[in-house]
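S.K.: In case you want the letters, here they are:
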Amino acid sequence: MKNKIYLSVIIIFLIFCFVIFYNGLNSSNIYTPKINTKQKLPIFEAKDFYSNKSISSEELFKEDIFYIVNIWASWCVPCRKEHKFLMELSKSENVKIIGLNYKDNLNNAKKFINELGNPYSKNLTDKNGFLSIEFGAYGVPETFIINKNKTIVKKFIGPINKKTLNQIIQIIK
Amino acid sequence: MRILKTFLLVVLFINIANANTDIKDKNLNNKILKNIRCLVCQGQSVYDSESEFSSTIKLLVKKKINEGKSEKQIYEFLRKRYGDWVIFEPELNKNTYILWILPLLLFLLGGAIIRKKLK
Amino acid sequence: MLASQIGYYSLILGLIFSFTLSFFATKDLTSPSKKIDQNIIVLSFLQFFFVVVSFLCLIFSFVNSDFSNETVFNNSHTTKPLFYKISGTWGNHEGSLLLWLLVLTLFIFLFIIKSINQPKKYRISTLLFQQIIIIGFFLFVLVTSNPFIYVFPVPNEGLGLNPILQDPALAIHPPILYLGYVGSSIIFSAALAAVIQNYINSEWAKHIKKWVLISWIFLSIGIMLGSIWAYYELGWGGFWFWDPVENVSLMPWLTLTALLHCILVLERRLLLTSWVVILSIASFTLSMCGTFLVRSGILNSVHTFANDPARGIFILIFLFILIFLSLGIFFIFHKEQYKDNKNFFWLSKETSILLNNWFMMYFLSVVLIGTVYPIFLDVISSDKISVGPPFYHKLIIPFLVPFLIFMVFGSILKWIKSEISNKNLLIIFFTISITISFLVTKNFQVDLFLYTILIGTSLFLFFTTTVEFFNRKKILSQTVAHFGFSLFILSILLNSITSSEVSTNMKVGERYNYEGGEIFFKKIEEKKEKNFNSIVGHFKITDNRGDIFNLKPELRVYNQPIIITSEADIKTTLLKDNFLVMNTVKGNEYFNIRYQVKPFMLWIWISVLLISLGGMISFLRAKNEK
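Residue numbers (the working numbering), protein chains in the order written: chain A, 2 to 174; chain B, 23 to 141; chain C, 935 to 1560.
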């Protein structure tokens, strides 16, 4: 009798394990940090790209529109590729693009903008990379969409392409 | 009763050992860096990695230690932005009670079985 | 190309022979003849033979860079050195599965021809169980992981093999590891067969011990090779990271070690019969489970292979079929032998082995739970956590202390009933050990209490096993293996407290002074090799004692795939390793260099070899006992 109890418990446990592993398989992928949909816009102070004056996040994001935060650098090759999509987005009235110049040389960064165009309503310098950490980024390029409630609603890791561009356009409508 | 006593002894034993199980490190800085996962690497700690992300984190941790932040606070800071995944040591919270306790329970179970066998 | 065709059809043939063999074996099971049907031996050889042919065809395709074969295309390149073209064969998912089949079929063939003195029905039953596994793997390969898929149009060049895998230790690590890992399949099949034939007794224990030893020895060495590779190749000076794939190879090792000790008991007395069966089943189950975890993409790690859920589902179902099958057989057929328990005296070798098993199972549970818990949590609550080295250290290290002490007593206690004759000598040894440990540990900034006890108990085991060598009535294999283990723990502990490291940015021509000496960055040299270009940094390090070390770490740019790796230069001596690694610092002429002095590294590897040597001695003894 005792044996039967052991056996049933073991069988139930094994079935449980099977179900877990089976589900684990179907949902597995390379880990991307869960886009914490409740993540509010971080509060920070940063230096403006051109003027080098300090500016607060409150002031940066004061308008009642969508904001896009784009982390970029002149030494980042994929950033070149995505830049034209950013230029296109900057034409929209629903959104302003804030740039985060990541660990960059100011002259090179300025050359980059002069060459490819400036989609940024405001640009910030992130010399040591701390600002990008505030956003939970870990590389460049990364792009964040912030809604009118100042919540980060979507995050794109890697350069923006046609598909993601359409996604963004849908969100900021 | 005896089981409870043994259990408490085991937990006490582990806590004493835990107090300083960090494989020797010159300072807090390295200990923390070894506990942070490099998110752009495969399974390496920030301490061991030379990636862009890791160098940023290294600077950040140094800055926070100089500001007087505690180990826990630094982990909390990173956890808030990157999730629990970024810290190698699973903290003891409702998600991880089973993780930490289960092996110990199994140890006690094993002990009980052996006790019975030797009687 | 032709080789791929031959390889593919060989596999088909192998499968056909597997079915045929199973058929003949089933028939022979019920035949009245006392001798095994000779056809079975021939068929099992043919089954093995065609897998060998298939494997050789794949190697051939790799060596000839035959990119019409998809596996070769994905994993090789014309400029790869020959040695790595060959080892690239099993450095990928499909090829490594072929290796699985090779070991599975080899072991059953060897089993059949070497077990002539065993009961016929037992031999055939073992074969049949092994066939289930073999056929399962044949199907797995042919259906989901065919190494002979044709690519058209034929590419000119392959995608190459990740350069960090191009290392001698890593090249032989899979074959050796598999001999251990996959070798546990024989133990699984034999145990199930023995249960059905009611053959779990001392005679069976004597017979199966050799197979357990083979599996265990190869697994130990295989794991060591993996660690050596990680240490020499990955560049951070560590050799074990509690990475899921590492854990997955450690788990069967833990059960096999426990099993080995139980077999020693079963050889002499009819005890622990159920437990031996459970451990036998568990070892291979853990191997299969491990295969599932690392090949299905469910876990992320440094060396997961194919991230293909379809393959994962196949293995998962296969794994659970095997588990339910073995469980069913155990519960239905296993007869608990009449209780010999009254003779379980507390102070005896049997008890020590029980204690050993207790701790082994605890360590196993820590590793197993730590590895799979994140999966469970993720599925149930969508929270992703990491379980890293701190978890394993905290739960394992404290328990090493009682474990080491039990090892001391376990070795000296006799079977059935014993007493401790030289109590005083032991107390003296213990005191000396703790004292030495204290005197050593207090010179370093570590937790004095914890490390004194840890090093002290390791020394205790070290001294008692050393003294045992002079005992004429010793069991050589036990003494060597336990001595090796004490050396292993001791080396790791001493290494961790005495290692030092300095890290700084330097440019060519600079000198850097640190606490232990001076580092001089002499020059940079550029080299061109067959499949990579490299920048070699020449460093001259002078330590405070005046010893000079010339180290040349490299930065390599491989051509296919384009990867930059950092190759550490390591000078290994008996006493310590000097370890220098160089990395670029973004944007300027500086290089980040990290210099480590790591005493006793070599002893870590030597001690594992000693442990395996103990196993080999036991194996040779057992073989000659006939």
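Worth flagging that the hints you see were computed from the coordinates, not collected in a lab.
It is possible that some hints are incorrect.
[Unchecked claim] Capping the alpha-carbon separation at 20 Å, the derived lysine to aspartate or glutamate pairs in EDC-like fashion look like this:
1) C:K1520 x B:E93
2) A:K5 x C:E1559
3) B:K56 x C:D1381
4) A:K128 x B:E98
5) B:K56 x C:D1312
6) A:K104 x B:E74
7) B:K80 x C:E1435
8) B:K84 x A:E135
9) B:K138 x B:E113
10) A:K156 x C:D1317
11) B:K102 x C:D1381
12) B:K91 x A:E135
13) C:K1328 x B:E74
14) C:K1357 x B:D70
Quick caveat: nothing in here was measured; it's all calculated off a predicted structure.
S.K.: Next, verify each hint and record whether it holds.
M.R.: Against the structure, the hints come out as follows:
1. Between the alpha carbons of C:K1520 and B:E93 the distance comes to roughly 29 Å, so the proposed pair goes past 20 Å and is violated.
2. Taking the CA atoms of A:K5 and C:E1559, the gap is near 41 Å; set against the 20 Å cutoff, the hint is violated.
3. As the CA atoms of B:K56 and C:D1381 are separated by approximately 18 Å, the hinted pair is consistent with the 20 Å bound.
4. In summary, the hint linking A:K128 to B:E98 is not supported, as the alpha carbons are separated by about 24 Å, beyond the 20 Å threshold.
5. In summary, the hint linking B:K56 to C:D1312 is not supported, as the alpha carbons are separated by about 24 Å, beyond the 20 Å threshold.
6. Distance hint between A:K104 and B:E74 is fulfilled; the C-alpha atoms sit about 10 Å from each other, no more than 20 Å.
7. With a C-alpha separation of about 16 Å, the suggested pairing of B:K80 with C:E1435 holds against the 20 Å cut-off.
8. A C-alpha spacing of about 16 Å is found between B:K84 and A:E135, which places the hinted pair at or below 20 Å, so the restraint holds.
9. Among the hinted pairs, B:K138 with B:E113 is inconsistent with the structure: their alpha-carbon atoms are about 35 Å apart, more than 20 Å.
10. For the given pair, A:K156 sits about 18 Å from C:D1317 by alpha-carbon distance, which is consistent with the 20 Å threshold.
11. Straight-line distance between C-alpha atoms of B:K102 and C:D1381 comes to about 31 Å, which puts the hinted pair past the 20 Å bound.
12. Note on B:K91 and A:E135: the hinted pairing holds, with a Cα-Cα distance of about 17 Å set against a maximum of 20 Å.
13. Annotation: proposed proximity of C:K1328 to B:E74 is violated, straight-line Cα distance about 30 Å (limit 20 Å).
14. Straight-line distance between C-alpha atoms of C:K1357 and B:D70 comes to about 47 Å, which puts the hinted pair past the 20 Å bound.
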